[in-house]
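*Asks:* Please assemble the complex out of the two chains, which come individually in their own frames, going by the hints.
Chains V and L, in that order, are what the protein sequence lines are. Counting in this note's numbering, the first sequence runs from 48 upward without gaps. Counting in this note's numbering, the second sequence runs from 15 upward without gaps.
Source of the hints: derived by calculation from the structure; they are not laboratory data. Keep in mind that the hints are not guaranteed to be accurate.
To be verified - No farther apart than 30 Å at their CA atoms in a straight line, the calculated lysine-lysine pairs in the DSBU-like style are these: (1) L/652 - V/276; (2) V/271 - V/157; (3) V/145 - L/57; (4) V/63 - V/204; (5) L/449 - L/394; (6) V/274 - L/652; (7) V/204 - V/122; (8) V/122 - V/63; (9) L/178 - L/147; (10) L/492 - L/477; (11) V/122 - V/329; (12) L/57 - L/121; (13) L/449 - V/157; (14) V/329 - V/271; (15) V/204 - L/666; (16) V/105 - V/63; (17) L/438 - L/449; (18) L/652 - V/157; (19) L/256 - L/368; (20) L/652 - V/271; (21) V/122 - V/102; (22) L/88 - L/61; (23) V/122 - L/666; (24) V/122 - V/157; (25) V/145 - L/666; (26) V/145 - V/157; (27) L/88 - L/121; (28) V/157 - V/329; (29) L/447 - L/477; (30) V/347 - V/276; (31) V/204 - L/183; (32) L/666 - L/57; (33) L/147 - L/183; (34) L/256 - V/122; (35) L/652 - V/204.
Claimed, not checked - Which bits of chain V does chain L cover? Going by a derived footprint, with three or more residues having C-beta under 8 Å, they are: (36) 158-171; (37) 186-192; (38) 221-228.
All C-beta atoms in this analysis are idealised placements derived from N, C-alpha and C, irrespective of residue type, glycine included.
Chain by chain, the residues run as shown.
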Amino acid sequence: MASGSELPVNESSVLKGHEGAVLAVRFNADGNYCLSCGKDRTLQLWNPHRGIHIKTYKSHGREVRDVHVTTDNAKLVSCGGDRQVFYWDVSSGRVIRKFRGHDSEVNSVKFNEYNSVVVSAGYDRSVRAFDCRSQSSEPIQIIDTFQDSVMSVHLTKTEIIAGCVDGTVRTFDIRIGRELVDQLGHPVNCISLSNDSNCVLASCLDSTLRLLDRSAGELLQEYKGHKCKSFKMDCCLTNTDAHVASGSEDGFIYFWDLVDASIVSSFRAHNSVVTSVSYHPKDSCMLTSSVDGTIKVWRK
Amino acid sequence: MADGDEEAYVYFGTPIEREEDTSSRKRKAVAEAGTVRALAPWKQEVKDEEGRRRFHGAFTGGYSAGYYNTVGSKEGWTPQTFTSSRKNRAEVKKQSINSFLDEDDLKHIGGNAVETSMQYDTFGSTAAEFARKKAEEEQKKRPSAIPGPAPDEIVLPASSSIGKRLLMKMGWRQGSSIKDSNAEALYEIRREARKAFLAFPSGNAEPELLEKDAVGTDEFPDMSTDVSHKSGNTPVYMLDPKQDMCGLGYDPFKHAPEFRDSKKLRESKSGEKNKGKIRMGGNLLSSSSGKYAPGFGIGALEELDVEDEDIYASGFDYEQTEVELEPLKAVKESNSDTMLRLEHKKQASLLGFKPASDSEYKLERFRPPTIPPNFRPIHKFAVPLDQTLKDYNNAPPPDALPPEDANLRLLIDGSAAMVARCGKSIEDVYMEKSKTNPLFFFLRSGAEGHDYYIRKLWENKQKFVGESKQAEKLTSEKRGRILGERPLASTTFGGNVVSVKAREVINKQPTLGETSTKPISLADLPESATKAFKHDPAKQERFEQFLKEKYQGGLRASGTVISTSISTMSEDNRARERLDFEAAVEAIEKGKWNTQISAPSADTAKDLLGFGEDRFVPSTFIENPETKEEATKAVYPKREQFEWRPSPILCKRFDLIDPYMGKPAPVPRPRSKMDSLVFLPETFKSTNREEAKSPVRGSLEASKSGLKEAEAEPSGTEADVAPTSPKNVERPVDLYKAIFSDDSEDEVVDAGPTSNQVPDPVKSSEGANKTLNRLVAGDFLQSLGMELGLEVPPDNRPGPPLNANPISPPEQRESPKGDDRNNTALTEVEDTKSKDYGSTVDYSREKKRSHSRHRRRRSRTPDSDSGSDSNSDSDGGHRSRSKRRRDRRDQSRNRDNESSDEASLYRKERRKKHRSRKHHEHKRKDYGDKHTDKKRRS
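For reference, chain L alone in the conformation it holds in the complex (with noise of 0.2 Å):
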């Protein structure tokens, strides 16, 4: 603005040069002026004059004074020295405020030197002094009625401040409010009022007013008038201030509390005749005391006024020391005028409180309930149908002969049935019905038809129970037991479900691989499951196929596991459509696991301890298989909590407090492969955390592939994508499953399907080291927390990566845009629903949209891409990267499998060098070098 008027106008001449400009420094900041006010406001100096800084340092800026902020100068300090001769007399400096102040000062003092002024000081000696020369002037101007100057310490005259005597020049007087006239006018005519009304207790108050006060004067002013005056003020009210001499906190009348009556009594009637309405109860004072300062009369043409109260006085109150001292006394004084004290006890029961003149409140009642006369305070259950059942089961009634009516033959079936399954409750129905329906006779005993209906109903009733009996489900274990089997003790099911090491896991799996396939049974699957490949009948027959070989239980079919009707096919073409049904049949069972992932998570979650238990959790918890449908409709909408950190200047700008403030960071995404070694199952962290997000990203996942299965469901062209549902639950596997049935299967697509199970041996030991320091990396760092005598923290362990091979930037990874491809597939399915967003919004999915930096971190199993893509090739953009988690899983667990001894010996070693040092840090980052340092030995 300023800059920009500068050049807007036009100069003449030159402009005279002022001296003080003619300082460089001047002449620079002028300069800079312009050019400063056009730089951002943070970058612009306040600058003197002079041109020097005057603000700096690191908030609003030390102010600049002196020099440098110092009392020296340019040349420093120099000493004076003093001389002085004979000849040369040193002469005698005379001080002033003047020879302390520099420029800056006397500048700001603008040449008005500060003085004193007698006129302003109110209370000040040197204002009764004033007064009192004041005073002197006038006595000696007139005759007065005591001769001689007054002692100057006895009589005191008034001074008043000068705004006070500008106010009553004003026509103000004492006591009265300021207000505008016209509300004057009326409080004039409402005092005039209460004066009248007040006329009679005042005047008796004043005689005793009078004998009691110390001062005593007879020259006392009309108090009556200057009460009705004071009233007119606005009472400045404050809590009642300490006015005894007692110690902070102690009562007098602590053990006497009547005596305090007496004292507020005795209070408040002073009060009262000081102070008229302005005090309530002795319990507020208003700004003056009214007490007058001690020794001093009041002359015989002056009203007592605020000047003349003892401005020092303590408060403290010889009455009411004696009060104190002799309380009897005052209770007998006290007792003599009882209309007052009771007066006084009708008045606050609480300080500054008074009673409510009509209560509003009242205490409403009601009456208890009405107990019915018939009521029993006991409940009787229905007789339980076991009972009636057993019942039945013991005395088989006679044959009867159905009766001739068909009607009624029908009607005792019908009813017969019923009550075989619903129990007698039915029965009670039935009879009450049977008093006005002749139709129901027959639940008479000794009617028509009563022996039959006996008799049907045991016959419904046995069969049943044979239903029922024959509906009891055939566990895994029974099974087992069945086939022979060796029960394992991870499997047995109940609370200890997990606490199996994991080592004893492996050691146990060659012996168990040969023993059997997984003891699963998939009779009760929906119909809509099992034919997942409706379209085409040739495709679905193999699958029912491959359903029977793989879900029959017992024993193996050796070798020739792909059956003979699609030997036309293509080793390739078989090994896929292998892979398809195998993620069909995984999709299926999920599908059940939908409804029964929270029961076991919320009742394992608390073994869980080490590494490998949740992996590994009996198939006896797969019931019930629900239609997806229904469990659909149960689960939405679904809310889930997760702890979220948002940013600390996110919260700042938000304007609210950070949640996690002065909280340990959260955990960093790993950085190294060797961290991510570090295993540990996202369940940990949410059960350690907070007990009821324990299903957290399971449940979530679960679902979500339950919906995608849903969606994909009722078309037929989308049943090849519904059953790859994505795979991210760490659910508890079946052991078997787990370590076997899948295993042979995968390698069968790795080396084609009739080969023998040899794996590439590169791989093989590539992944046994990955499988082995994965579960040495995890075993190690719990018994290093046993020796130190710590619980591992689950938070400090980089919790998602769950896989051997960590996430790593994308330029590392092979085949980025295959997997990337699958990352995407998930949202895919819903692709094919929402179809790109039409022609309007250009949301054609990149197929070469890169992920990978936003690789999921919760998922469970995240996405292993150094795995063979052999599978991937013609039908990836169908695929999903579940189904490739899961054969690299399966992968590597085969490898996990056949190095499983060698492993386990590997492992004891490990862990003895462990335990040898002695040095141990609990820092992840140490962990990390020494897994490195294991891989690299390994």
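The shape of chain V in the complex, shown without the other chains (with noise of 0.2 Å):
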């Protein structure tokens, strides 16, 4: 069970092509593409899987922090320093439109399940909301109630959660209009949602993955080993939400077994720190990313 045999551990791949660091990797929906962004101010389109290059798309002024793909693949949406929201065109690489509203660098980006709406987390302690559909580039909604910058937001069909450096896990439910407020104690670098829905692993600063159970919010398991002290960093559940993967900032990949938070894998990846982990939907496939410029396929 916790062998980790079925953990992606052997390089498959390593795609190169960004010059400098890749500041975030991602899947797209169905796992057959996946979207890249970095320090220099493009965003890459690949085949990981065939470890090929298929698109560049530079529009961006500053660097880019988070990229994220509809579900239809038609879209893209990505944000970075330049405090504007970038909202494309998948096959003409054209910008679609860009949203304001953030006083500061954007963290995170994502769409939601109807992929009418980007909800974007940035650095001015604040969760914005933009309508897709409307030709308006301004916020339909603004959450300002974060002490701090907001580094990762995730969507689910019916909330808003996000991780702020302020030490709390917040989960806006529309439904009900709700917000709570799990406070952890420590930075939140990253918030990852477990396949199920029904936790969050929240990556803290002080080197710690804590997950939390959402319907409670009780901490249910704390993983540590791996260093993460001052850069954002992605963390991830598997598949199978049996292990948990976070990058390390010495460039290392971390396996812990969910339940009883051993390591079960780690290994060098990354001559630098890994910035970002995306696993694959389906398959047993990870892609890491890293200071170095690399991006790397890991299958089993």
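*Replies:* Right, dumping it as structure tokens:
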């Protein structure tokens, strides 16, 4: 069970194309393609399974920190240092709209289930929602109850979940109009939802991943061993929710057993900080990106 | 697409212009067609060939017809005159349907005029007529048994629908289902078997039926075959329709349920005869009612068919009414054939249900648990500790010599101490041991060392009691009493903590201020807390000195507040250090508060009615300081709930129903300065809204600050930052401290350390006005509410801004840069830890980021930006906003204090004036206006 034999620990291919650090890499909804973004102000579309670079999207004026693609692969949304959220057309590579409103860098961005709303989280201590269907580039909702930079945002069908440096994971339930604040006591760097959406994994800056039960807000497990103190790094759960994966600042990848929090596997993946990890939605396949400018594809 | 195709083709010659195309409209329409298609869908217009708009209107569009949707014409309605003369006869116009149709309608018909066809009229009279004619023709051809034409009314030949006739031609027979032949064959086999099975009962039923039937013809078809035929048909069940003529809901068998059975029985019997197995106990009806049209016979050559049924029958059965009218007779009848009746009873107990053949559900029963024989239903508590203590207090046992054995002596000493501390229960444990272990024999009376043990035990207990007595804490009241202070009504402990009106508090301020400093003991502070400046021994020394001076209690050392040790420092530095110390002390206290914050707020929240109450809560709540590490361990993860309003459009986009639909709009942010004068602490809102949410933001902030401290403490370099943690908590402050202990020191800061307490006159009057306005606003709202008999709804007031200085657009701010730096200082604590996210992400925190528009709405004490910025020049980067906020608050409090006498008088006067205004509207805008007015006058 905890053998970790099904974990993607073998390097399958390396995607090279970014100049400078790669800040995020994301699978698309079905896991056939992936998108990466980085300090070189570009977005790149890849086929990670064949190791092919497909397209480059250039329009950002500063570094790109996060990217998300719609479930129908038609539109992209990306954000970064230039305080705007870019809404792209995938095939033409043109920017359809730029959503304004953030007063500072935007850390994270996501589409909702219907691809009609873009929710972004920024350094300006706010989460903003933009309407893709309207012509307006102004936000339709501003959530500014955060005390500090919002690092990561996730959406479910009815909720907006955001992790913030003020040590909280906040869940905004649209259906009942309620804000749930889970205080973890340590700055939250990244949050990730389990595939059943019952748990949220929060990567804290005290080099600890914390697994929270979303319904009750209880701390289910803590995962330690990696190093996460000063970089925005991703964490994720595997497609089976059996393991927790995270990068480390020393270039390692760590896998923990979800239940007993034991390190199942750890290996050196990159020469430098692992900025992002993304797990395939169905297969045992993982992407990692690093400051060293490479994206690596891992298979079992 | 289409226009693209058009472009692709090359045309030769001139296209033949058709006549109708010459219409200019049409030409225009054609020309436009291409461009229209290029337009966005919602801009396209549907037009008819004349180029008129087809759809218009609000939604899918009114359908454009006629002349602008009227029956008129372009010429309008012109009445026709009827003229007829001898020479010129008016011809009789024959109207047809065409004379009422315009060309549009005609086109819709498409030349095929709608006509009625006898062929397709299955049940109408025309069909019947048609069939009769046909029958008559046939009649003529062949000789008949009945001479002459049969009366039309009596003989009604069958006519079947075209569909049925087609089906019959294809081999379908009445009653059989329409299936493919394969299934039919299978069915055929089964049917044969069933036929054989049914042969006997159906044969029996037939004569009865014939007798009973009102029609009663001899040429009745063989039912048994029909039955089997019909069973092949897919029966259409429907729920029991109303078949009697009783009123709705009327139950003729209400008081005689036994008759119901008999009726049902009868029904089912007749149903069975007619329908065979299709009917289920008479409860469900199949599509055909099985009744024959009354008064008509059936021809010798004809089968009993669907069309023979009385389609107009109401379902009312004469037989059944007989049953209803003469229930007794029916009972007799049903009694005669009990077998059937029983059988009927065996059937469904509930309409449409039948009892299951085998029930899987079995009720499992558990035996009650056996009670152990020695169980006693009363809980026996262990002997309370106090009781044993008392016992030992009373009679000191005689002194005894210790036993010679040193080991035994040690053992006795140890166990005596244990027993004294833990009570009788531990002694019992030892007793148990003594049974087996000879070492514990001393516990038994008479054994060696027992006397010594008793003595030792007594001594230990005495000691323990003494300790606990000493440990009893000196509360502020006690200390105050010792110091001969006047007790304050507001500081008496208990439920009535906070029932003092604000003006009374203000009245008392000057008198109290002179008596003493705050009677708080920091003696029980953790060592780590008081050693906030470890890295700088000199500073630490000064800090301790400061603590001593500040918290020795009793009378304040007047004048020379700062001791000689810092005489070498410049005044500036001294002032700054003073501030640091203050902040550190405050942080230390708050550390204690983290653990206490929730308890008092829950108690006092109910009593909070006035505005000032929650600010003045006795310091006796401050107890049991715990280390922050423990607190953080226990606290996290912590969950809190707040109300949050998603915007309606967001709900729509998420395909959810807006939870706040139809509810009043949220309180908008205060736009003017006057709005924020309506002063209301956050706790009010939350407690009113939801009791559970009472510790809302306060606890968040408090714990947060606790966290910060916990983070900051381990490393020495951050010690400066740590105590200056954000003070967003509107926490209850000790009255003394709130009024006096700080202000003098702050004035020292303002005017220099050694100068007298003479604040800037302009500033103080300004501050006084501000506070005054604030007080008046709060009080005024209350009094107004009382006058109007209304409970002033807290939601109507703008919650967050507590300060006299409201949130204003950034350009109005005096020093946005400096302030913003302070705003971000909160994040910078983390910043020092999560340093800039490295070289990878350029997360460098720009100091000049403007947060002014995002000023936190929920913070308890919002930033006051109008105060002097003299403090923040050199160490502004590390200074948290809380400190500044506190400073300003203190300043304003000071001014408050100075002008309190004046203020109270002033306020009374104001209130009178307000009472005289009888035309109060309770709109916030108006409040704002009045306050504006007021402020101008003041």
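*Asks:* Indicate, hint by hint, whether the structure satisfies it.
*Replies:* Hints and how they fare:
no. : hint          : verdict
1   : L/652 - V/276 : holds (22 Å)
2   : V/271 - V/157 : holds (28 Å)
3   : V/145 - L/57  : holds (25 Å)
4   : V/63 - V/204  : violated (35 Å)
5   : L/449 - L/394 : holds (24 Å)
6   : V/274 - L/652 : holds (24 Å)
7   : V/204 - V/122 : holds (19 Å)
8   : V/122 - V/63  : holds (24 Å)
9   : L/178 - L/147 : holds (20 Å)
10  : L/492 - L/477 : holds (24 Å)
11  : V/122 - V/329 : holds (22 Å)
12  : L/57 - L/121  : holds (28 Å)
13  : L/449 - V/157 : violated (73 Å)
14  : V/329 - V/271 : holds (26 Å)
15  : V/204 - L/666 : holds (12 Å)
16  : V/105 - V/63  : holds (17 Å)
17  : L/438 - L/449 : holds (17 Å)
18  : L/652 - V/157 : holds (26 Å)
19  : L/256 - L/368 : holds (22 Å)
20  : L/652 - V/271 : holds (20 Å)
21  : V/122 - V/102 : holds (14 Å)
22  : L/88 - L/61   : holds (19 Å)
23  : V/122 - L/666 : holds (20 Å)
24  : V/122 - V/157 : holds (12 Å)
25  : V/145 - L/666 : holds (22 Å)
26  : V/145 - V/157 : holds (14 Å)
27  : L/88 - L/121  : holds (21 Å)
28  : V/157 - V/329 : holds (20 Å)
29  : L/447 - L/477 : holds (26 Å)
30  : V/347 - V/276 : holds (29 Å)
31  : V/204 - L/183 : violated (59 Å)
32  : L/666 - L/57  : holds (24 Å)
33  : L/147 - L/183 : holds (22 Å)
34  : L/256 - V/122 : violated (61 Å)
35  : L/652 - V/204 : holds (24 Å)
36  : 158-171       : holds (count 7)
37  : 186-192       : holds (count 5)
38  : 221-228       : holds (count 8)
In this structure, the earlier hints numbered 4, 13, 31, 34 are contradicted, and the remaining ones agree with it.
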